[in-house]
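2 protein chains.
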Amino acid sequence: MKITIIGLGLIGGSIALALRKAGLATTVYGIDKNESHAAQAIELGLVDQIVYENNSFLSADLIIVSIPVSATSAFLPHILDSIGENTVVIDTGSTKDLICQTVSHHPRRSQYVAAHPIAGTEFSGPGAAFLGLFDGKTNIICEREKSSEKALLLAFRVFETLKMKTIFMDSVEHDKHVAYVSHLSHVSSFLLGQTVLDIEKDEKNIFDLAGSGFASTVRLAKSSPDMWAPIFKQNAEYLSQALAEYIMHLQKFQYHLMKRDEKELHQIMTKANDIKRVLKS
Amino acid sequence: MKITIIGLGLIGGSIALALRKAGLATTVYGIDKNESHAAQAIELGLVDQIVYENNSFLSADLIIVSIPVSATSAFLPHILDSIGENTVVIDTGSTKDLICQTVSHHPRRSQYVAAHPIAGTEFSGPGAAFLGLFDGKTNIICEREKSSEKALLLAFRVFETLKMKTIFMDSVEHDKHVAYVSHLSHVSSFLLGQTVLDIEKDEKNIFDLAGSGFASTVRLAKSSPDMWAPIFKQNAEYLSQALAEYIMHLQKFQYHLMKRDEKELHQIMTKANDIKRVLKS
Numbered sequence: 001m002k003i004t005i006i007g008l009g010l011i012g013g014s015i016a017l018a019l020r021k022a023g024l025a026t027t028v029y030g031i032d033k034n035e036s037h038a039a040q041a042i043e044l045g046l047v048d049q050i051v052y053e054n055n056s057f058l059s060a061d062l063i064i065v066s067i068p069v070s071a072t073s074a075f076l077p078h079i080l081d082s083i084g085e086n087t088v089v090i091d092t093g094s095t096k097d098l099i100c101q102t103v104s105h106h107p108r109r110s111q112y113v114a115a116h117p118i119a120g121t122e123f124s125g126p127g128a129a130f131l132g133l134f135d136g137k138t139n140i141i142c143e144r145e146k147s148s149e150k151a152l153l154l155a156f157r158v159f160e161t162l163k164m165k166t167i168f169m170d171s172v173e174h175d176k177h178v179a180y181v182s183h184l185s186h187v188s189s190f191l192l193g194q195t196v197l198d199i200e201k202d203e204k205n206i207f208d209l210a211g212s213g214f215a216s217t218v219r220l221a222k223s224s225p226d227m228w229a230p231i232f233k234q235n236a237e238y239l240s241q242a243l244a245e246y247i248m249h250l251q252k253f254q255y256h257l258m259k260r261d262e263k264e265l266h267q268i269m270t271k272a273n274d275i276k277r278v279l280k281s
Numbered sequence: 001m002k003i004t005i006i007g008l009g010l011i012g013g014s015i016a017l018a019l020r021k022a023g024l025a026t027t028v029y030g031i032d033k034n035e036s037h038a039a040q041a042i043e044l045g046l047v048d049q050i051v052y053e054n055n056s057f058l059s060a061d062l063i064i065v066s067i068p069v070s071a072t073s074a075f076l077p078h079i080l081d082s083i084g085e086n087t088v089v090i091d092t093g094s095t096k097d098l099i100c101q102t103v104s105h106h107p108r109r110s111q112y113v114a115a116h117p118i119a120g121t122e123f124s125g126p127g128a129a130f131l132g133l134f135d136g137k138t139n140i141i142c143e144r145e146k147s148s149e150k151a152l153l154l155a156f157r158v159f160e161t162l163k164m165k166t167i168f169m170d171s172v173e174h175d176k177h178v179a180y181v182s183h184l185s186h187v188s189s190f191l192l193g194q195t196v197l198d199i200e201k202d203e204k205n206i207f208d209l210a211g212s213g214f215a216s217t218v219r220l221a222k223s224s225p226d227m228w229a230p231i232f233k234q235n236a237e238y239l240s241q242a243l244a245e246y247i248m249h250l251q252k253f254q255y256h257l258m259k260r261d262e263k264e265l266h267q268i269m270t271k272a273n274d275i276k277r278v279l280k281s
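Protein chains in written order, with this note's numbering: chain A, 1 to 281; chain B, 1 to 281.
It is worth saying that the hints were derived from the structure and are not from the lab.
Among these hints, one or two may not hold up.
A pair counts as met if it fits within one copy or between any two copies, since identical chains are not told apart.
Pairs of lysine-lysine, DSSO-like flavour, derived with a Cα cap of 30 Å [as the list claims (entries may be wrong)]:
hint: 1; residue 1: K150; residue 2: K252
hint: 2; residue 1: K21; residue 2: K259
hint: 3; residue 1: K165; residue 2: K146
hint: 4; residue 1: K176; residue 2: K222
Note that the structure is a prediction, hence the values are computed from the model and not measured.
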């Protein structure tokens, strides 16, 4: 199977590694507008060959789009314009509603599968790609009914090869849920990092006093702004709701803190402890 | 050396394990007001013998106090009242100013060392204790000048045995810094957990959509309210400042988000990326 991967970063690169290893891909073509990333992807053996623009689209069996969501919503219609009648296109973006809307009435909509494999690290670029990134994680497919059976079957093969469990969701529901469970975590982490950096001008102190708790909470603040700024913009509506709710909880906590109301603080934390029930580790 | 450990949880229990293994302790006596914790500490081999109240204080070479900071500030004067003239007392609380104040004019102040070994996990109780918890971490000693040379030398031996690097700080500076670098992380995590729990009534969805990023950011929300409520209360002044700053940053971010100002969001995240420079991993 000829596979073209657009975007050779953490996600695209890790998919390439897994599909090559499983023998699903006979040839993997790579596209990346960042030339040094493209060169690195060849060096690291993520892809067989770098191609330019759409000269590989027509003959590809599968095209995987793993670029910032703003680029996906801009280019996806153009990609669908250029594919062959047997090509299947899958995107992996962290937002789904706007992307789905941009190709909603495209004549080749049925050849496209809107996916969101939920996996990642705080690192980015081809050098961050690794085998096993997706193992045991959840993949979401939106607007399942708009994809052809053939396209869905190929997508299932891909995500099974990545050892992912696929679930189905409405694209609006998807965006709303990930606003809380993924995007809000990133915002809280970015701004925790900024708050501490702002205060601690003497950075030596941060380093000395930072326990493993701080490191874990602030880990996502290392994530790529190029990837996250477009996600936040596309999911501004729901993320803003989530943020408003988060800020409200923080302000209530601060109020009880200023009143030194230990009992109330204890109750809030005891409720939050409930997160144990819904997280494995 | 006869060592009495008051509070046989994650911290006290892990110290007991390390001091026994290194042969620093000939006998370790344990005190815990929670009887099942006391029994568990014996079962797990953390301590040799459970004792009650202060009947071991007079003859102890070293007393380690690892209980919630509210209990430490309440009982520390009483502990110093009851010790022998060669006994050294070290506390391990996450706040230092109020604790230091409560014994500031105590006749045995010089036998006490105010410490904060910065280590922990989201788990608590004797079952959470493990060997190696403190390896390579930082320990802070406050009001060094108020402890005798003899007391300091013993404290250095203890923290070297735990493989910690000790630094010295003013107790007010300590509380201010840990408000940002440790306590704020915990608050942000507790309330992130609560926000997501509040919204996601269907908990199955949280579980499915939660990636490793969410798990890492919300990990501290599993921490013990019994331990953290007193810390937050004692550090309310500085933690409230830190929270105000954090909330301000979140609100600014939300404002740019609502305006869909991707450039501004990108800039904020790029600044926050700077946290890479000050964190090892």
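**Study point:** Violated constraints from the hint list, given by number and in increasing order
**Key:** 1 and 2
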